[in-house]
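Hey, can you work out the whole structure from these sequences and the hints?
Chains as they are written, first to last, in the working numbering: chain U, 1 to 338; chain E, 1001 to 1453.
Take these hints with a grain of salt, some might be off.
To be verified - Pairwise CB distance ranges, derived in the manner of DEER restraints:
#  : chain 1 : residue 1 : chain 2 : residue 2 : range
1  : U       : Cys203    : E       : Trp1417   : 24 to 32 Å
2  : U       : Val106    : E       : Thr1237   : 31 to 39 Å
3  : U       : Asn39     : E       : His1257   : 52 to 60 Å
4  : U       : Arg47     : E       : Phe1435   : 25 to 33 Å
5  : E       : Met1432   : U       : Leu324    : 33 to 41 Å
6  : U       : Leu324    : E       : Asp1054   : 47 to 55 Å
7  : U       : Glu107    : E       : Gly1339   : 41 to 49 Å
8  : E       : Pro1293   : U       : Pro152    : 49 to 57 Å
9  : U       : Tyr309    : E       : Asp1319   : 31 to 39 Å
10 : E       : Pro1245   : U       : Tyr309    : 33 to 41 Å
11 : E       : His1257   : U       : Glu146    : 29 to 37 Å
Read the hints as simulated data drawn from the structure, not as lab findings.
Just so you know, even glycine gets a beta-carbon here, dropped at the ideal spot from N, CA and C.
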Amino acid sequence: MTLAEVWFVLILFMLTAYVVLDGFDLGAGILHLFVARNNAEREMVLRTVGPVWDGNEVWLIAAGGTLMMAFPTLIATSFSGFYLPLMIILWLLVFRALGIELRHHVEHPLWRQFWDVAFALSSLLLTVFFGAALGNVVRGVAFDGEGRFFAPLWTNFKIDPEPGILDWYTVCVSLMAVAAITLHGALWLVWRTGGEVQRRSRCCVKYGWFATLALTAIVTAATAIAQPQMVNNLRAHLAWWFGPALAVAGLFGAFHSARHERWPRAFIASSAFLAGMLMSAAAAVHPFVLPSRGAADGLTLAAAATEPYALRVALYWWIPGILLTLGYFVVNYRSLSK
Amino acid sequence: MLVLPPLGQAAVEALFVHRLQFAFTITYHYLFPQLTMGLALLIVVFKTMGLRGDEVANEAARFWAKLFGLSFMMGVVTGIPLEFQFGTNWSRFSEAAGGVIGQTLAMEGVFAFFLESSFLYLLLFREKQLGPRLHWLSAFLVFVGTWLSGWFIVSTNAFMQHPVGYAVREDGTIVLRSLWEFLTNPWSFAQYAHTMIGSVVTASFVVAGVGAFYLLSDRHLVHAKRFLQVAVVAGATASLLLAFPTGDIQAKLVAEHQPVTFAAMEGHFQTEEGAGLVMLGQPNMETLTLDNPLVMPNMLSMLTHRRWHSKIVGLEEFDRDLWPDNVPLVYYAYHIMVGLGTIFIAVMGLALLLLIRGKLFGLRTWLWILMLAIPLPFVANTAGWLTAELGRQPWLIHGLMRTADGYSTNVSSGNVWFTLLGFMGLYALLSMLFFFVATRIIGRGPGPTHEVA
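Here it is in structure tokens:
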């Protein structure tokens, strides 16, 4: 395993932590208008995410910084090429934070309603754009001769040599992300709440699960069309089946555990599904980290990485740093259960 | 404004708006961290007094933690766009130097942000469950997190001001050669000390100003006095340290390593032996002289080299394309910072004397001055950063990479105008929300709610 591959795995771990942890915040945000109907119920939902959402979001920021350290070319190319959707994600992150944090400052029903809707809408749109971002990375982008690109928000919704951020494929991935994250959030809420909120969330688990299953099947088939590399990789090495196998096991494990009302286990199974899907995405585009759709070459893992010295020396602080972080998360999630 | 001949009109426009967006978003962002970093320290001071049985100080800590939480959230949501913009708007810079500055940016996430976000909630909402000692520890860890965050960002900037520990590959990529050298950049120690003390000054003026407001309006008198006692001592100490030694060391570093910048800051066009210190005057870029100058003779030579007749190199010695592209703005930013810094020493110094002699709480004039001074350190800190960033121009990494070579050529100016306007609208909304909520918190005041007048 090269140093670049080690860092790719570590960053994939950070991104998985982000999707699993902030995933339930986003899912709770998407659902809370439906499963929590009055102020007491809304506060019950917010109590399950309030203490932890900020720390969960830090996984995204820390993963971004680590990507910059290990794969500066990837950050430079993809962030500038995906300029518009990233800026929209930034604005949505602002509204999501305000929605959670400002609500309790003023005891006025209109103030609360406004922030409740802001929390819900920003959570939904964030999930849509994160899904589209993943779809874009898998599908590939239109590199020019100098290794750069700039993706418009949409063109004709077809997978052209120069596709937009939103085409039929990435919209499918977005819908799948919304279904999977909603399911994840619903499982979290069934586990962490009680009463009517829990009862309504339980209904969402059922619909969410079938929607996730159907959309996962559609996206898998669509990926074979949008990114032929996936099929090649799966044929070439048995190891590439790990991600898809984990995803399938997670999805059916969630179903099984939910039917037996083992909610913590169902939530963990759903986390495994999300992790498996991210690994599958990485496996589908290997050896690229950002594949190309046109004649120009895509960006490979090896080409995106910085010097071996920097990659090696960073391991000395990254590993203790992440161990410390895991310690903080244990402290914080323990305080949540009180 | 930009005189870089090889660039076409479209490139000049794109460079301008990329710079404007970063300048706008980072200037706005830094209004919040400069308050939270200093406030985190003062909250630890209040909590420590509380641990020793001072219940008023404990209530003060609780009150300031609420404002800290609000400002912290504002800092978070306006800070994330900055980290993103390295990649989105400055992709050629990120591609060339990300392997170096990515180290500190990643460390900030791993060591500072996780720490802050994990313990802030405990500080704000878990005082009863934790008990006094663990609650003090939460406050302390939040303080450590915010100050670590400051360290990593200042180190990143220090590399751009004075690059060390790197090597340049054949393709022009700047790579890390020694992490140790990079992290122990002498520039970052000086800049960090100056920046963090500036943040303590901001927090001290805010705490003292709110205390003065309560005293003047005859409310929360017990708490207001505790605010003033802590903030005036901290503010006077920090104001002094801001000028000497930290400001002094920083100025000497600039004089030594960035002589062009130094000349622009001081408004010093001609090389002189025994150069005077410019107090007032407007740089005239046509005649390359100062209009309406008010100068202390030989003082600049004395301050810089500790000799009355030492030589100070003027701007005219350097090629014009090495000058900062906006000399007057660098000059004004620097003079505003230094002028305000001098005022801070006077205001806080006299307040400290009055406090020691037991007269501060009754002297309404000085309480008025303290209350009205709240915005000034925000202006001074902003002016200081403008000096550093505009003074570094035309370089993005001093001596290594020009700003004109750093922006994303694949992102057109029209797209950046779109997002810049978006940020302006969003931040206008954020300002209104911040003032609305902060005013409510201050209006309710510290201590048991029934005490509210």
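Practice prompt. With 31 to 39 Å as the target window, see if Val106 of chain U and Thr1237 of chain E comply at their CB atoms.
Written response: Since Val106 of chain U and Thr1237 of chain E have Cβ atoms about 37 Å apart, the given range 31 to 39 Å holds.
Item to complete: Indicate whether the distance between the beta carbons of His1257 of chain E and Glu146 of chain U respects the range 29 to 37 Å.
Response: holds, 34 Å
Discussion item. Between the beta carbons of Leu324 of chain U and Asp1054 of chain E, is the distance compatible with 47 to 55 Å?
Written reply: About 32 Å separates the Cβ atoms of Leu324 of chain U and Asp1054 of chain E, which means 47 to 55 Å is violated.
Discussion item. Holds or violated: the 24 to 32 Å window for the beta-carbon distance between Cys203 of chain U and Trp1417 of chain E?
Written reply: violated, 46 Å
Practice prompt. Just tell me: holds or violated, for the beta carbon distance of Asn39 of chain U and His1257 of chain E against 52 to 60 Å?
Written response: Between Asn39 of chain U and His1257 of chain E, where Cβ atoms are some 59 Å apart, the hint holds.
Discussion item. Within 31 to 39 Å: is that where the Cβ-Cβ distance between Tyr309 of chain U and Asp1319 of chain E falls?
Written reply: The hint (31 to 39 Å, Cβ to Cβ) holds, given that Tyr309 of chain U and Asp1319 of chain E are roughly 35 Å apart.
Discussion item. Assuming the hint says 49 to 57 Å, is it satisfied by the Cβ distance from Pro1293 of chain E to Pro152 of chain U or not?
Written reply: holds, 54 Å
Item to complete: State, for the Cβ atoms of Arg47 of chain U and Phe1435 of chain E, whether the hinted interval 25 to 33 Å holds or is violated.
Response: holds, 28 Å
Fill in: Assessment of proposed distance window 33 to 41 Å (beta carbons of Pro1245 of chain E, Tyr309 of chain U)
Since Pro1245 of chain E and Tyr309 of chain U have Cβ atoms about 35 Å apart, the given range 33 to 41 Å holds.
Discussion item. A range of 33 to 41 Å was offered for this pair. Does it hold for the Cβ distance of Met1432 of chain E and Leu324 of chain U?
Written reply: holds, 38 Å
Fill in: Range agreement (Cβ of Gly1339 of chain E with Cβ of Glu107 of chain U, hint 41 to 49 Å)
holds, 44 Å
In the structure shown, a violation is registered for the earlier hints numbered 1 and 6, in ascending order.
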